[in-house]
Amino acid sequence: MIALLCSVALADEPVPMTGYAGHPFTLARGEAVFGLFRPATVGLSDRVDVTVPGLATLVAPRVDAKVEVWSGERVGVAVRGAVGIPSGGLALLRSTATVLSTDPLQRVGFGAVVDLGVIGGVREGRLHSSLGVAVRAGGSTGSLQPQGVWWLDPMLAPLTEGPVVRVRWVADLRVTDRVQLTGDVAHQVFSGGPDTSVRGLALLAPSERVAFGLGWALALETMPGGVDTFGMPLLDLQVRLSKRSGS
Amino acid sequence: MTFVREAASNRLSYAPGVFSLRLVLVAALLAAGAACSPLPHTWDPVEAFPVVSAAHPTPADPAPDGLRLLTWNLKFGGARVDFFFDGWGDRVHLSEAEVSANVDALIGLIEEVDPDILLAQEVDVGSRRSAYVDMVDEILQRTAFNHAAFVPVWVVDHIPQNGLGKVEMGQAVFSRYPIVRNTRVDLPQSGDNSAVTNYFWLHRAVQITEVEVSGNVLTVVNNHPTAYALDGTKQIHLAEIFDWSAQADGPVVTGGDFNVIPPGSLVTEGFADNAPADVPGVTEVAYTPDEIAALEPFYESFSPAIDLAAYQAATEPVEQERFLTHSVSQTTGFTQKLDYLFTTEAWREAHTLQAVGDGAPAVTADPNALSDHAPILGVLEWP
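Just so you know, the sequences run in chain order F and L. For what it's worth, the numbering used here labels the leading residue of the first sequence as 61, then goes sequentially. For what it's worth, the numbering used here labels the leading residue of the second sequence as 2, then goes sequentially.
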């Protein structure tokens, strides 16, 4: 359960000292951000970001693109989409007899996952706030039956558990040039994992190129006995390849 | 590491597995995500759980002349599919169609027996192995029961063995009459298991419910203690079950799958349903005198639904066969008596429902095809 939060958090966490991730606003052309766990994001142009996952690429390669379709002084809108091909990863995981079923009646075929969404955001002084909605769905030619592996990588989950709709609100508050508070609330339906997650992260930038993050995440899942709540710490180290940190 | 469930038991032992580069890779990925949080869920030593009601209630006799109580280990809707952890097969997950058919059959037999109260063990409500079917909801909404009390005993977000995945299983009491209390009492885990095994393993529990019938309260204690822990945990579990049952006020029924055979059993090891000896990790099932003796307080302090004297009067194993309630294999027939109903009151009649034609009225469904346990029906004098 919490593993999902980890992967979600580390996959989508905002660019340090900016309010880009989860917002419609994109990196500048040539700018890039890498994290210890978070995916690598590169600005292809001033309006297009491309992201590839980090360690999860080994089992679930995917590409995520975000296009800023409209941007004013305070308001922006972007569309984003991702395509993943996790079937090779699923086969790999299954062969370990650890993650996926070894049931002889189930076969892993070629599979792909598509994730589409739209984001709207507002910049108001030191505060950036955005609301996004996304739909993930996957399909496979195999007979592998639904199994929640969301805790490993959210892009693996839809292939085996059906379409997932996710609504996410993100807010970033730049406290000083070196400190930023960021948080988000996400709610997803039709998922085998948590219904709701809440995260808070404090980012501290000792230099213009490096930021450390420390925070806490909370997940809530509705179960027959009531709502289960789980918390976990978040920790990250992020590096950017331009001098826009703290801007 | 490979977990293997021992034949005719619920205990996992583990045998060395293949430690490949792939496993290292997956372990690293798992560690990256899972290090932040435990995958299993745990509960307070004593914790109250909610009671749910049927959407369309069925009128219950306000002044019943006797109460029909049924105890049944439902094997999470797995019926007689040969799972890898039983040692007899290689199935891991059931399809939704398989589970639906099995649950339909379970409900069919329940409706035939027509109990007022059901003590159910191994009830899945959100497990991958049983296609995430909520058995509590299915049984509650599709039978004459009006209320259901569920307590979890095994909730793990992901169990690695054979990709078993998410498990959400517990015990449930179903009743035509209002359930006014549903308490879960945590039982200790076995010290036999490694810390890693226990991390993913069950947290057994005593489920204490109170059912209000015609102005009186009947305490119903639903149990499923550890199966084959050899370090005395089973005796501890049975002692706790006895203490909680004995200290309850008023009339009490305590029952369930006790995972131990009765005093006077003529066969205590070498059961016919033991998995083939060449199945890795499977060891032979046997019951020690200390484990069997742990049942004696129940027979001394309560009235058993199934008379012990008749069981002990047997001089040949074949004479005890009609009392048996458990077998991993459908083909061998039942090999051990593990399921019980005891009360502080008096039983009017009782039946071990092993086959078509058992019970009164006689059942037409075959219990041996529906679970690895046979149900026991007891008709309680009431009030």
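Hints in this document: simulated from the structure, not taken from any laboratory. None of the values given here were measured: they were computed from a predicted structure. Positions of the beta carbon are idealized from the N, C-alpha and C atoms, including for glycine. A portion of the hints provided could be inaccurate.
Claimed, not checked - Between beta-carbon pairs, the in silico distance windows are: (1) L:362 with F:250: 36 to 46 Å; (2) F:229 with L:289: 27 to 37 Å; (3) F:164 with L:193: 42 to 52 Å; (4) F:167 with L:143: 48 to 58 Å; (5) L:179 with F:223: 45 to 55 Å; (6) F:250 with L:251: 39 to 49 Å; (7) F:274 with L:193: 51 to 61 Å; (8) L:62 with F:223: 17 to 27 Å; (9) L:384 with F:199: 25 to 35 Å; (10) L:143 with F:274: 29 to 39 Å.
Comparing the hints with the structure gives:
Evaluation of the 36 to 46 Å hint for residue 362 of chain L and residue 250 of chain F yields a pass: the beta carbon distance comes to about 44 Å. A beta carbon spacing of about 59 Å between residue 229 of chain F and residue 289 of chain L contradicts the range 27 to 37 Å that was offered as a hint. For residue 164 of chain F paired with residue 193 of chain L, a C-beta distance near 31 Å fails the hint of 42 to 52 Å. Evaluation of the 48 to 58 Å hint for residue 167 of chain F and residue 143 of chain L yields a failure: the beta carbon distance comes to about 33 Å.
At roughly 40 Å, the beta carbons of residue 179 of chain L and residue 223 of chain F sit outside the given window of 45 to 55 Å. Look at residue 250 of chain F against residue 251 of chain L: about 46 Å separates their beta carbons, and that is inside 39 to 49 Å. Our hint of 51 to 61 Å for residue 274 of chain F and residue 193 of chain L is violated, since their Cβ atoms are close to 40 Å apart. The hinted window of 17 to 27 Å between residue 62 of chain L and residue 223 of chain F is violated, with their beta carbons roughly 47 Å apart.
Between residue 384 of chain L and residue 199 of chain F the beta carbon distance is about 59 Å. The supplied range of 25 to 35 Å is therefore violated. For residue 143 of chain L and residue 274 of chain F, the Cβ-Cβ distance of about 50 Å falls outside the hinted range of 29 to 39 Å, so the restraint is violated.
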